[in-house]
Every structure is written in structure tokens, then in C-alpha cells.
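Enquirer: Letter by letter, the chains look like this.
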Amino acid sequence: MICSRLAALSLLLLAAAPLRAQDARDALIHSIEMESRVSYAGIQTTVVTDRGKSRSSQQVVKRMAPDKLRIEYLAPAGQRGELVIDDGQHLRHYIPSLKVVEEGPSRVQRSLQHQQSRIRDVRAGKVNATLTSETMLLGRPVTVITIAPAQPGRPVRTLWLDRATGVTLQITDQTPGGRTSVTSFVQIDFVPILGPAEFQLPPLRGVTVVPESLGKPISVQRARQTAHRLWGGMPEPAQLPPGFRLTSAHQLSYHGQPVIALRYTRGRDDLSLFVSASAGEPFSAPMQRGINVVQHPIGGILVTLVGSLSPAELEAILASLRFPGGPGGTPPPPASRRPLR
Amino acid sequence: MGEYLDGTLPRRQRRAVEAHLFACAACRRELEAMRRTLALVTSLPRRELSADFDQALRARLTAADRGRRANAPSRRDGLAGFLLPFRERHLRAPWPSALRRLAPAGALAAAALAVAVWNLQPFPGLHPASQRAPAYVATLVHEHQLLKAGSDMNVTVVRHNLEGDLLGDGEEE
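For the protein sequence lines, the chains are Y and X, in the order given.
With our numbering, letter number 119 in the first sequence gets 119, and the count goes up by one each step, no holes.
So the number in our numbering is just where the residue sits in the second sequence, counting from 1, plus 341.
FYI, nobody ran anything at the bench for these hints, they're computed from the structure.
Using N, Cα and C, we set each Cβ at its ideal position, and we do this for glycine too.
Only true hints are included.
Residues on chain X that point at chain Y, a partial pick, calculated with CB under 10 angstroms: (1) P475; (2) A476; (3) L481; (4) H483; (5) Q486; (6) M494; (7) N495; (8) V496; (9) T497; (10) V498; (11) R500; (12) H501.
Bound-form chain X, shown alone (with noise of 0.2 angstroms):
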């Protein structure tokens, strides 16, 4: 989500995730709350760094790390040791450029949002194939579904319940 929004997506991911944010209105407003995060952090005041803060925020950090190296499973400890290397190659992977300043609410929202993704399957059954299909493709199922499931009856019905549709507020044609 963090490319999506950088547009460092490639074309064909950039597609499949609009296609599930056209269809999934929970990825919508978790998309919209990290585009309003970014939007109130980079609005936020830019302050002078003094010119030997580079040198001992790196100092700090290989202190504190050398400190958790010591405390740190070794390769031989189980799962925790496993995940060792793919931990120290993303602790060393750069930060997307707009979330450099803004890793602990990212890595919240990042997690929140991979739980959203992974709670809410577009629908019962879906074929892998749909998450390839182009946004058009997607919204085209899904309003066939809706279709066979009779929403074109309940439009009527609905507008036939609504003073205001019945002046031709909303009316068919």
C-alpha cells in the first residue's frame, strides 16, 4: 500500500489493487486514513537538523543494536532464529521516501491494513483469477452478482419507499 501510494507500484500489482479497492470499501477508508496521515505529517514544520546528527544518530543506533545483537537468538534458536536474516534485511531496506519520518504510525497502519486485506476476501469462494482481472472486469462480476441476486428489484423497491424518489428525485430511465 505504502507503493500504491508513493506510485512506485508497478502497472499490473497498481491495477489489481485498484481493482480490490473498487470492490472493498474497508481498503478504501484504510487507504484514505494513510493518505490523510502522510497528508498531516508532511504538513508538519520542517526543523533544521544540527550538522553532526547524521553521525550520532548512526552512533546510537549501532550502540543500541550491538546491545540487541547481544540478547538476540542465534540461527540455531528456533523460529526466532530463522526469521533472523529476512529480519536484518528489512531492518536495512530503505524506508519509502514519504515514510521515512513516519515509521511507528506506518508500521501500525501496515499492520491494521495487512489484517483488513486478509480478513476481507472479495467474495465466498473466489478464484485467483479475479485478482488478476482488471478493475472493469472485477466491478462487471461483481454487478452480475448483484444482478442474479435481484438488486435491480430492490432499486425499485427502495425508490418506491423514498418520498423523494417519487418526484423523479432518482428515477429509473
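Extracted from the complex, chain Y is given alone in its bound form (with noise of 0.2 angstroms):
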């Protein structure tokens, strides 16, 4: 008797899946396909939590369909007033603290024209999604989909999707390295009045334009094995200051290379220690009030420290590098390396 309600049970699981996934295939796409046509205005917090330390942002979003998005932060103190804006052709985030407007192209552009390609994965099933549940999110109905990494290392998504309007209401990361990373509405108006001025820059005086940056943000455990595998081992200082603390780790390209980056702080004080397999000359020098830099080429990798510290702490810093992956500590051998330019 148990043994045949069991296999029903079964049956009926084994039956629900499939409609499960269908579920949350059709509620990506309407998603997708309501991309261009939904226009909102909210506030929106960001908590990205790595090796137990969280940071945390707040930021007003503003989505006017069919191309245009605005996000101005509120918090923490030091980005309050920074402002990115995509105007459906250039993608810029203006930085008041460095003068700098960062430049790129327009991200929702090409998010809008990659849709009909997504909507071909997701109803191709390449796109793992499962239904998890439907429930109330700021007093809205939502379908909560996860979405499992198709490749290894990449971070397990969870979505809550306004049943109405597609629209994301709050979106969950979490890498196998432990970073976790999560941006939710804490309010989102979707009869917004917006105008095209506010998804233009103000006029700025003395601002340089740079390119958008070139790094993104992995976990620390994802930095160390990405360095293992580049060059046999992360290196990483045996001593800092008192109080510095390891907060990030970073993947760049460098013409095409790759750079790995690991931050630390204590306070305002910061450091960044950068690592590559290019070839480069010692360098040592002030760049500007409060940045020094020390760079040495060490066995087959460059490292380069930048920071807020004299450089006599930061060539202390660099003689204490350690290479966890190395044997016994030391630096991988030398391997072939091509000249930066």
C-alpha cells in the first residue's frame, strides 16, 4: 500500500517537473519579451556579501521603455551622486569623486538585441530555469525562478519576476566561491512620470572621459583558483599594516591579457594588489597625492601593489608575498611573457 502511494507520488513529481520548468520557461520569456515596453521608477538596495564582510548600496533605478535607464545612488557616502546613464546608445557612469565620466556602449541596446536569441535558448531549454514559487513581493504577485549556472563556477540565479510586468523585482547571485550578491526594489512605481532630460548627463565641467572600466568583481576563492591555474599560485602578503583586511578580489584584461586584483582595506586606506604573466619593468613612483605604486617583475608574473601607503610599507608588502599554490611558498617559474606595451 505505502510502496504503491509512494511510486504515485513519484509519478506525480516526475510528472510536475517538466510543467515546472515550462512554468518558469514562460515566465522568463514574458519577461524578456516586456523588456522594451515597461517603464518604472524605484529604490533599490544592492548587498554584496563575500568571506563575511557585506557592502551594501541604495540607489534610485529608472527604466523609460523602450531603451533608456538611469541609476542614481543614494548610498554608501562615497558614491552618493553617482550617476549612470544609458541613453540606448552610450552607457556613461559619471564618478563626482574622481572627476571621470566612464564611457562605454549602451548596455540595454545590446541586452534588446540579444532578446529574440534569449527567448530562442530559453524556449530551447538551455537556459536551466525552475519554477521555485509564486508569492507576494511588495504586495505584488511574483514568480520566483532559479536559474542554475550552464557552466561551472558561475553564480546560481534567483529571480523574483512581477507576474504583471516582467519586470525584476529582486534578483539573487550566489557563486560557488561564496559571494553572494543581492539587489531587490524596496519600492517601484510603474506609472512613472519620465522625461528624456533625466537619461541625459547634467552639463559637467572639468570631468575626463575614460573607457568603462575594464574589471569585474569575483569571489576571492574564484580569484585564488583562476590564479592557480594561470600561474600556479596567487600571490598574497605574508604581512600587511595592522588592520588591513582582505575585502575583494577582481578579474581584468589587459590588452587581452589577464590581470587578477585583490583589495584591501582598513578604513580609508587601501590596496590593491594586481597580478599578471606580462613582462614589465620594476617601477616605483608617487602618481598622485595619496597613490604610490611598486611593481616587480617576480619569477613569471608582474606584481604591481597600488596604494594609499609610502611606498617603503608597500615594497615591505611586496617582500613579504607569499605563493600559497607555489611549492614551499616561492614563485611559480618563469613563463613566457609577452611585453606590455
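Hints given; two lone chains; assemble the complex.
Expert: Here it is as C-alpha cells:
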């Protein structure tokens, strides 16, 4: 009797699984199709947690159909006033603290250009999505979907999709390396009053326009794995001035060559450790007020320290570097290197 | 910039220009505009010159120069007089090969570029050492500043607000 009930339950579950996957795919396709049709304005929070340390931001997000996006940071204090504007042609990020505008091609436009191919991928089952639940968020019915990564090392994503508009009200990324990022609306208006002027940068005096940042955040574990694969290990300082903590890791690309960065902070003091396999010359100089640089080739890699510490302190940190992945904490042997331009 | 385009700039100066170009979109655009202009001019059909063209041109230039000298400031005429020897030297200096036929447009482009470079200080309070830094170091300093300003948070926020990135078009890691 029990066996037959269990078998019936298993059959029901087996039959339900494809349905739930189909429901998830339908919700995703609805969300993608609505991307260029919905306008909204709201307040959003983002919390990134890695190695037990959390950082958060709060921003006003405005989207005007079909292809305009504006993000204005309210917090943290260091980011307040920063503005991201995508006008459908360019994405510009104004950073008042640096008097810099980062400029790159429109990301919204790129997203819209790939709309049909993304729908095809979802229909073809190339996106491993499952319906987790149907619930309420901000007083609105939402469909919760989990997307399993297609490749190892990538994050598991959970999306809270507004059932009526398809807008993602909350998103959670959980990487195998332990980095978690959660972005959620705390307030949203689907009938906003928006004008084209809000999607143009106001006239800014004395700013420099630079290409958009080349880096992307990764988990510290991922940084170590990548460095181990590329260079046999990630050099990390055995000695740091008191109070400094490893807070984040990043992957960059310079002329097609990977660069891994570890970032250490102590209050307002900071230190970035960059590692690449490129050939470079020893370099040490103050770059500008509050920023010093020390660079040395070690074994087969090039290590560059950039930070607010004095050149002597940077040299001491460089001298204390250890290679956890290398035998006896030694640097890897020289590899074939390309000179840096 | 002309020497950079001609490939005749010394190695160290070339690196300094590249370091600046890497961090300065405005100068890259300017350089690209100069490249396009050069390509356009060099693609124009070539015309054969008459046998006495060179001689006739020199004669006309000499006559024009004589006329100018008659009205030119003397060395006692303040700033204009002070600049006279420099002006004469530069008038005699040979043009870069590719720019020889492009003097008026080239002069305008060079002036515009000079103004752009003058106005575009890479970062406030930039130390002169950064101008000598290799391009790689200059880039890392820029990245360090962006990370300090919280650009990694911004990457996450922007990705979380783009539908295309939700399915992994530009995923982290």
C-alpha cells in the first residue's frame, strides 16, 4: 500500500517537474519580451557579501521604455551622487569623487539586440530554469525562478519576477566561491512621470571621459583558483600593516591578458594588488596625492601594488608575498611572457 | 601626435602617448579623426606635376615671403618680435611626410588636439610621475581609483538591472 502511494507520488512529481520548468521558461520569456515595453521608477538596495564582509548600496532606478536606464546612487556616502545613464546609445557612469565619466556602448541596447536569441535559448531549454514558488513581494504577485549555471563556477541566480510586468523585483546571485549579491526593489512605481532629459548627463565641467572599467568582481576563492590555473598560485602578503583586510577580488583584462586584483582596506586606506603574467619593468613612483605604486617582476609574473601606503610600506608588503599554490611558498618559474605596451 | 601617427616618436614618448590615449577617450577620438583624415587624403588620386612646378612654387613663395617681411614686426616689436626667430625656424622645418599635403587641415587638427590635451587633465592633482608611468601602470592606477570609488558595486548593480545579464550574457565569474 505504502509502496503504491510512494510510486504514485513519484509519478506526480515526475510529471510536475517538466511543468514547473515550462512555467519557469514562460515566465522568463514574458520577462524578456516585456523588457522594452515597461517603464518604472523605484528605490533599490544591493548587498554584496564575500568572506563574511558585506557592502551595500542604495540607488534610485528609472527605466523608460524602450531603451533608457538611469541609476542614481543614494548610498554609501562614497558613492552618493554617482550617476549611471544609458540613453540607448551609450552607457555613461559619472563618478564625482574622481571627476570622471566612464563611457561605453549601450548595455540596454545590447540586451535588446539579443532579445530574440535569448528567447530562442529559453525555448530550446538552454537555460536551466525552474519555478521555485509563487509569492508576493511589495504587495505584488511574483514568480520565483532559479537559474542553474550553464558552466561551473558561475552563480546560481534566483529571480523574483513581477507577474504583471515581468520586471525583476529581486535578484540573488550565489557563487560557488561564496560571494552573494542581492538586489531588490524596496519601492517601485510602474506609472512614473519620466522625461528624456533624465536620461542625459547634465553638463559637467572639469570631468575626464575615460573608457568603461575593464574589471569585474569575482569571489576571492575564484581569484585564487584562476591565479593557480594561470600562474601556479596567487601571491598574497604574509605581512600587512595592522587593520588591513582582504575585502574583494577582481578580474581584469589588459590587451587580452588576464589580470587578477586583490583589494585590501583599512578604513579609508586601501591597497590593490595586481598580478599578471606580463613582462614589465620594476617601477616605483608616487602617482598623485595619496597614491603610490610599486611594481616588480617576480618569477614568471608581474606584481603591482597600488595604494595609499608609502612606497617603503608597499616595498615591505611586496617583500612579504607568498605563493600558497607554489612549492614552499615560492614564486612559479618564469613562463613565456609578452612585453607590456 | 603627427610623429606618433608617422611612427617616428621615440619609444619613451610613444609609451607616454599610449598611456594617455588608453585613459583618454577624447584624445583617442581625436587620433582616430586624424587617422581617418590622413587615410582620406592619401586615398585622393595623384596628379602629375609640371616639370617647372617646383621652381615656380619656390619663386611664388619667395615673392610672398618678401612681401610679408616688408610688413613683419622687427625684433624690437615686443612679443611678435620675440617670437620671430621661432616662427622662422618652424616655417623652415620639414613637414611629416604624410602631412605634407595636409598643412592647413593638419594645423587645425593639431591646434584642436593641443587644446583638448591641455584641457583634459587625466585626474585631479595628477603627479607628473604618472605621465612617465608605463601604460600598464597608468591603467592599474585608474582601476585602483575606480575600485576605491565602488565601481565593482556598480558593475553588480548595472548587471542586476539589465534583462540580458539576468540570463548570463555578462555574468560574473
